[in-house]
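Student: The chain contents come next:
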Amino acid sequence: MQARELQLQENILTVSSKKSLSYRIKHKLIVRAEWQLYLLILPAVVYFIIFHYAPMFGIQIAFRNYSITKPITEAPWVGLDYFKRFVNSSRFPQLMQNTIILSLYNLIVGFPFPIIFALILNQAQNKRLSRFSQTVTFAPYFISMVVLVGMLYLFLSPNSGIVNKLLQAFGIEPIYFMGESKWFRHVYVWSNVWQKTGYQAIIYFTALTSVDPELYEAATIDGASRLKKIWYIDIPSILPTLVTILLLDVGRMLNVDTQRTLLMQAPTNLATSEII
Amino acid sequence: MIKSATKSKIRNSREDAIFNVITTILLILACLVVLYPLYFVVIASISNPDYVLAGEVVLYPKDVTFSGYRKIFKFENLLNGYKNSFFYALCGGFMSAALTLFAAYPLSKKDFSGRKFFTIFILITMFFSGGLIPLYIVVDKLGLRDTPFVLLIVNGIQVWNLLVASSYFKASHIESLSEAAEIDGCSHFGYFFKILLPISKPIVITMVLFYAVWQWNDFFRAMIYLNKPDYQPLQIVLKDLLATSQVSSAIYDMMENQEALTEMLRAAEQMKYGVIVIATLPMLIIYILMQNYFVQGITLGSVKG
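Top line first, the protein sequences correspond to chains A and B.
So the first sequence is numbered by the working numbering: it starts at 1 and just counts up by one.
So the second sequence is numbered by the working numbering: it starts at 1001 and just counts up by one.
Next comes chain B alone, as it looks inside the complex (with noise of 0.2 Å):
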């Protein structure tokens, strides 16, 4: 009876063990798939480009250099698009996350008399669209077209993000707390902002970021409600500089006209890796600082969601 116990137990043990293996192994992959191809680019940025086109860098930068990054820090369009996607993503951030915030406390509150009707209405808005063209519309009608607002209006609330919002502020609610204000004299706007949005700081961050990331890598709008290049986010610059097989004409503006055709398509390579990195690095670090925050955001929406 013993004897078998421990046999079971060391057949376990080793089980055990070629488990543990296994997933090491297998985690070490899953982040050097992920990682390779970002360490790549970031490599090809730095290394002279006629080794990256022949193959030659692989593991670590050859002979280094920096003169994409140089050209790319000339190209006014980038620069543009780069300070017009920060003040989107800022400006945006903070208006969309206030919005969300200031709904989802109502929508929170048990004893509200809208709640029901409010909830409905806005979740409806989640499942049925009028669908692009009407919004264009809509949008066009407004005067909306072409001015920077319409990349902070448009999509500036959404469902999902205040569903979120709402049920962090339905679990983190006091009913102690919310009582002693009342009878304190404390009004709803009161309670909102001196109390309740300080307790719930995480959550408010998530929502910034959330709304922030967002803007800063979403195209799609400004592609359909935005002409002027003055007001174009950098994803649209992007677009026409990297998701083309071809040397875009914006890569072609960005060379000195004197330069050879070889010499440019030498380079544009090289400049491609340096813009991926320069559009991508901001959200990294943003993420890296912030991450519990993100991970808090999703698992909130999931617990209720």
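If we strip away everything but chain A, and leave its shape as in the complex, we get (with noise of 0.2 Å):
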């Protein structure tokens, strides 16, 4: 009778450590998988914690009186005394509303561009001639932000640029476009359109290439008209994307494009460039 209940506990116990055995090999699989995987993620991980958690902890220098000789920490607190000290400086009205107008402009014009591009891209019989333009478009993207101000600059140079030799044609006196603060705006958002259209385009582009065909063959079997098609499947096969575009737009309304200001902006024209 003890013996088999020996017996028994011994099989147990065999059983049981097979399997925490089976148990422990399968873990340190998925633990010797796991570290790859971890030293994959370590490089990314680390320079994110350098370059963009760390400044993160330095924001505070933003309430504290900081001299470029004592170490952060040292400087002493003024709490929200540098925001308010902008707030109510003599030029944070007038820099308010260069933003917004500047960036309100700029997604009213922007914004709708790509997406007529892209419907006209789509509609367009002529596939090759759909294919090449959009090859086009999509080139200015590649120029760089110092070239694309370099090129306003020499086109539209009062006494040499072309603009204006063509305006003289017409008898039009020649405009200092980069140099008046009336025409920053125009410039600054219609020399955005020029460069990113093609661009933003080709993400409506692909999701109407997406349309299930067969909507089309019953739209014209039941008579609908381009313009039909256009209203009544295109633009709402589009429109998730076209929320998204959107919202993301509206909420980086605020950060006005610094580095093209910055290249664009001369004394003369400050009452209109200068931003946030």
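Honestly, I wouldn't trust all of these hints.
Claimed, not checked - Taking lysine-lysine pairs in the DSBU-like style, the calculated list, with each CA pair at most 30 Å apart, reads:
#1 A:Lys196 with B:Lys1194
#2 B:Lys1201 with A:Lys127
#3 B:Lys1083 with B:Lys1201
#4 B:Lys1083 with A:Lys165
#5 B:Lys1201 with A:Lys196
Read the hints as simulated data drawn from the structure, not as lab findings.
Dock chain one against chain two, each of which comes alone in its own frame, and use the hints as you go.
Tutor: Here's what the structure looks like:
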């Protein structure tokens, strides 16, 4: 009796130890496999800690009386002092107004262009032309900001630029586009349209190409006109993309492109080009 | 009944024809609006500057001369910038792409235990940032300022690209393939380097291209963190040359000093056009050769984003 019990116990023991062994093997495998995943992601994590998280702690200099000679932690706290000073400064209303007008103008003009262009690309019967113009309009995206602004200076130059030469041919006085503050916004927004439309249109165009062709066939049979097809098939199918991009754009509204502004700024157009 | 149907058909086909004409015209117009400025830069760079300044060069080059280019190629700052930018684009392109792809793989693995944590960890940096000055202090403390590495490292991994790569891996993930590899004793490293990367060539190329183009075109970081002329990328040199309404001192340096002021003004414009061509050409060539990858890259991002 006792012997049998022992035997049984032994059996149970071996079973359980076997189980734990297999469990251990499996576990070890997982761990062994996982450290490699951690190792792969490690450089990126280190990078993000040093160059993104560490500066986030540096944001406290906004609330401290910081001087370059002392470490940040020793600088005395001044609370919202700098923000108050900024908001109360005489330039603040002008800055705020410039920023908001520029970004609103940019959004209102810049947002519909890629959509309209994508719709036209999609409707074009001549597929080769459609493909060609897609390629062409994407190209300005590869022109650097510096070169783009340099081109603007050259084209819009009051005495030698081609734009003013054309205006003169129609008897219009040359305009100093890059110098006058009233032209700054227009130049900024429309050069942006020129550069980005083709790039942004690709996103919508891809959404349009995934529309089921049967929908168009059905619409044709029902006698729908082309405009109706655009309105009832194309627009609804890109609506999700459209809303997402609109939300992203609105969220970015106050981040006007600093680099572009910096390059286009001149002492004479500061009245409209100075932004936050 | 039949009559009215054919009538509407006729009406529709006529409408179609008008519609086709309109779309064709609009597309050609769009192409012209984009191409003409680029074309003008090219013809202006090889025309006699007198005609360009007089506004007589509009459709084709007049009195073709390459004197502008000859002067440009004598300008050492520009050549040095060219060389530097080439280095930054090449090294930065491969390094950033490698690190991005490495990180993208674990993030795309469903059974990776740290996946959720790291995804949030990385996404946070997309929405919150410490701003320029704290980052500058960090870079300065690390002794990276005024070294060429600063351009390779700062913004070296971009969250958006990371998400694109990760969603590509997720979409191309084949359960049976990774299981088979696991059963055969293939580690994550083995699977990633020997199986996943070779079958994900499009995303690898896309990443390298995106980072390289961005490195080539970016000037802001160099302006902030680099002061030594030896390490300046091309865009900084260009900024001094182009983004100003006056004849800059840089242009002045390009001239032989004995040249008269009017002569200088005359040649300065032509050289500006030439510089634009030289600075933009490499990227446009890469774009034309690799355009499918760029389109793919944007599309991938938009599907998940």
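Student: If a hint holds in the structure, say so; if it does not, say that too.
Tutor: Hints, one by one, checked against the model:
no.	hint	verdict
1	A:Lys196 with B:Lys1194	38 Å, violated
2	B:Lys1201 with A:Lys127	28 Å, holds
3	B:Lys1083 with B:Lys1201	28 Å, holds
4	B:Lys1083 with A:Lys165	37 Å, violated
5	B:Lys1201 with A:Lys196	27 Å, holds
Comparing the model with each earlier hint shows violations of hints 1, 4; every other hint is respected.
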